[in-house]
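Read off the chains here:
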Amino acid sequence: MAIRSRLDLAAALKDSVLAALLALGLFGLVVGIRTETGPVGALELFPRIGLLAAIVGVIFLGRFAFVLLYQGGFLDFAGARLASANLGTRFGGIQRFAGPALLGFAIAVPILFYENRYYLDLGILVLTYVMLGWGLNIVVGLAGLLDLGYVAFYAVGAYAYALLAQHTGLSFWVCLPVAGILAAFWGILLGFPVLRLRGDYLAIVTLAFGEIIRIVLINWQSFTNGPNGITGIPRPSFFGLPFIDGEGGFAERFGFEFSPLHRIVFLYYVILVLALVTNFVTIRLRRLPIGRAWEALREDEIACRSLGINTTNTKLTAFAIGAMFGGFAGAFFATRQGFISPESFVFMESALILAIVVLGGMGSQIGVAVAAFVMIGGFELFREFAQARMLLFGAAMVAIMVWRPRGLVATRVPSVFLAKRKIIPAEVVEGARR
Amino acid sequence: MSASERDPILEIRHLTMRFGGLLAVDDLSITARRGGVTAVIGPNGAGKTTVFNCVTGFYRPSQGMIRLRHRDGAEFLLERLPDFRIASRGRVARTFQNVRLFAGMTAIENLLVAQHNPLMLASGYSLLGIVGFPGYARAERAAIERAAHWLERTGLLSRADDPAASLAYGAQRRLEIARAMCMEPVLLCLDEPAAGLNPRESEELNELLMRIRADTGTSILLIEHDMSVVMGISDHIVVLDYGRKIADGTPQQVRDDPKVIAAYLGVDEEAVGAIATEVKP
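Those sequence lines, one after another, are chains A and B. Letter 117 of the first sequence, counting from 1, is numbered 117 in the numbering used here, and no numbers are missing. Letter 77 of the second sequence, counting from 1, is numbered 77 in the numbering used here, and no numbers are missing.
Misleading hints may appear alongside valid ones.
Unchecked claim - When the alpha-carbon atoms are kept at most 20 Å apart in a straight line, the in silico DMTMM-like pairs for lysine to aspartate or glutamate are as follows:
{"hint": "1", "chain 1": "A", "residue 1": "K420", "chain 2": "B", "residue 2": "E152"}
{"hint": "2", "chain 1": "B", "residue 1": "K259", "chain 2": "B", "residue 2": "D27"}
{"hint": "3", "chain 1": "B", "residue 1": "K259", "chain 2": "B", "residue 2": "D26"}
{"hint": "4", "chain 1": "A", "residue 1": "K422", "chain 2": "B", "residue 2": "D161"}
{"hint": "5", "chain 1": "A", "residue 1": "K420", "chain 2": "B", "residue 2": "E145"}
{"hint": "6", "chain 1": "B", "residue 1": "K259", "chain 2": "B", "residue 2": "D248"}
{"hint": "7", "chain 1": "A", "residue 1": "K420", "chain 2": "B", "residue 2": "D241"}
{"hint": "8", "chain 1": "A", "residue 1": "K422", "chain 2": "B", "residue 2": "D162"}
{"hint": "9", "chain 1": "A", "residue 1": "K420", "chain 2": "B", "residue 2": "D162"}
{"hint": "10", "chain 1": "B", "residue 1": "K259", "chain 2": "B", "residue 2": "D241"}
{"hint": "11", "chain 1": "B", "residue 1": "K259", "chain 2": "B", "residue 2": "D226"}
{"hint": "12", "chain 1": "A", "residue 1": "K420", "chain 2": "B", "residue 2": "E140"}
Said to hold, decoys possible - Pair by pair, the computed Cβ-Cβ distance ranges are:
{"hint": "13", "chain 1": "A", "residue 1": "R287", "chain 2": "B", "residue 2": "N98", "range": "57 to 63 Å"}
{"hint": "14", "chain 1": "B", "residue 1": "N98", "chain 2": "A", "residue 2": "F27", "range": "49 to 55 Å"}
{"hint": "15", "chain 1": "A", "residue 1": "R287", "chain 2": "B", "residue 2": "D235", "range": "41 to 47 Å"}
Hints listed in this document are in silico derivations from the structure and should not be mistaken for laboratory results. The model shown is predicted, which means the values in this text are computed figures rather than measured ones. By construction, the Cβ of each residue, glycine as well, lies at the ideal position given by its N, Cα and C atoms.
Kindly generate the complete structure, drawing on both the sequences and the hints.
Structure, rendered in structure tokens:
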């Protein structure tokens, strides 16, 4: 610390000049020159030296101040990280209460915000991503298989429901399991060729798989209606009672006054229940041999094989179950929107879901829920800033990864204990180490 | 020698393993006696670990046969089985030269993963387990008890709920043996179990292995550099050099074999004869 607090002006100056040069290179053409269509139709160049100079100057001074502050010991990243690690262990303690509290809040949302449709819609959106995050958490967080094409299963579920409901007229509750099973089937189909791959290679193949599904959806006009998507997907009914005004509707049957909000509230609870089922199944599976085998697979695949674990089947189950929940979420998405098109299933969605899992802390259920809430909620919060939104979003992610490099909740709770359940620190868990 | 031929647990015949142009194991035949401790020794690069990886299915041999025979007469040709089947059906457990524990999982979780297959069956391939079938709870309790038993035998009971990564090196080695024993193996393959242990820990390891053999009747196949371990517990030693077997016999026979001395001291072929005359006056 004593060494660092000595100020080295020359070094700071050199560093700042380098940063300014870098900025000049980056912004020189982008900001420094403006093109406009001239009177005869040709492009004319207008240099904007002033603006460029201002940007480079700000970066120079900013970097200079930053380096001086760092040298002065005011910006202590290592210390901050240590402090946040301590916070993490304390957070592990309050985790026990955070879960029920969040659940209580989630149940109360439609009552608290009944008059505010915007919040209800946002709640549904957040819960959809919570469910997707939990589904992907099985594959990425528990089994340690990096999947960049998760949105493919979301798409399979959505299209399965949309097409089934349109062509057969079956109700949502019948189509939902079918959509899940179909997605699981595609999960296994993807799983087979990529069984031998790990890490980066697996990520690339799954990424390609996600794109393949999307491109098939766009080009298979006769089946999926191509880029126009599918419209008029049946809305969910309250176990046979449609949410309509008048005879035979939900409101009339139960003696309420009709309100379009009934359907929204119903949808909210449907996705809440679906998400909770995902959570319940994951928690149960984690304590079963298959869940332990997933985590063991993440820690050391060779050791798994030496213990007689069929790693092929274990990976396929992880893919299938993760995909199944993605399919459920997709079916829900289709019935909520009433319209789906391949545009909803772009790579950005996969990246967002993966970001939720990584940010939340791989393998942690509550971390993923909080991350989904923060990410999707934050995305909406910054909607007014339009252009700056992605910038803020990126900055926030970088900040979180600097201060909590292993995600919000990186500790691991053992699946079984002999005398006392001790929280395992993040540093030794393989999924977090990578 | 005749007893081992009558009921061997493991017969390796004409095992050859090539990696491209490199001949790692060359026409090797070993017979391991049931209930015995067979050690494979040799200088670095002699092909010991390659033999192990062939036996446990991590490598597929280029040529040769590896036959495992259970006490009930069931026979397995290991060169034809995938690695996880050798472990689950053949009941061959192994440890690794560089310890391979599930670092982020607790000691007891490590031992439960080793009982994956019976537990999987008890949980009805997760279908019964997920609805809370009571039979699974019973099976899990029994598995925890067995794990606790092996933790106690290896002196790790007090560390049961600590992550494997937080254990000291010697304790990690013992945990790996406990994990292998939770599979109730008929053949336990140990790849340099004493590597990195201090003399006292090696002594404890010897005692542990002797007790395992006495109490469970598990046959042990061992690769080791530490001669105090090898000479202390093995009743049959095979010496490899450059992928070939150069000696095979009791510790006493091997110790006196001039070819073994030459291989370990790095004497060339011509000098072997000279050493032989010196050793046997």
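Verification of the supplied hints:
Annotation: proposed proximity of K420 (chain A) to E152 (chain B) holds, straight-line Cα distance about 16 Å (limit 20 Å). Proximity of K259 (chain B) to D27 (chain B) is assessed by CA-CA distance (about 18 Å); at most 20 Å being required, the pair is judged to hold. Taking the CA atoms of K259 (chain B) and D26 (chain B), the gap is near 17 Å; set against the 20 Å cutoff, the hint holds. With a C-alpha separation of about 6 Å, the suggested pair K422 (chain A) and D161 (chain B) falls inside the 20 Å cut-off, and the hint holds.
Distance restraint check for K420 (chain A) and E145 (chain B): the Cα-Cα separation of roughly 15 Å lies within the 20 Å cut-off, and the hinted pair is therefore satisfied. The straight-line distance between the Cα atoms of K259 (chain B) and D248 (chain B) is roughly 11 Å, inside the 20 Å bound, and the hint therefore holds. Straight-line distance between C-alpha atoms of K420 (chain A) and D241 (chain B) comes to about 49 Å, which puts the hinted pair past the 20 Å bound. In summary, the hint linking K422 (chain A) to D162 (chain B) is supported, as the alpha carbons are separated by about 7 Å, within the 20 Å threshold.
A hinted pair counts as satisfied when its Cα atoms are at most 20 Å apart, and K420 (chain A) with D162 (chain B) qualifies at roughly 10 Å. Restraint check: the Cα-Cα separation between K259 (chain B) and D241 (chain B) comes to about 10 Å, which is no more than 20 Å; the hinted pair holds. Between K259 (chain B) and D226 (chain B) the CA atoms are separated by roughly 19 Å; this keeps the pair inside 20 Å, and the hint holds. Taking the CA atoms of K420 (chain A) and E140 (chain B), the gap is about 17 Å. The hint holds against a cut of 20 Å.
The supplied range of 57 to 63 Å is broken by R287 (chain A) and N98 (chain B), whose beta-carbon atoms lie about 30 Å from each other. For the pair N98 (chain B) and F27 (chain A), the supplied restraint of 49 to 55 Å holds, since their beta-carbon distance comes to about 50 Å. Hint check: R287 (chain A) to D235 (chain B), Cβ distance near 43 Å, so the stated range 41 to 47 Å holds.
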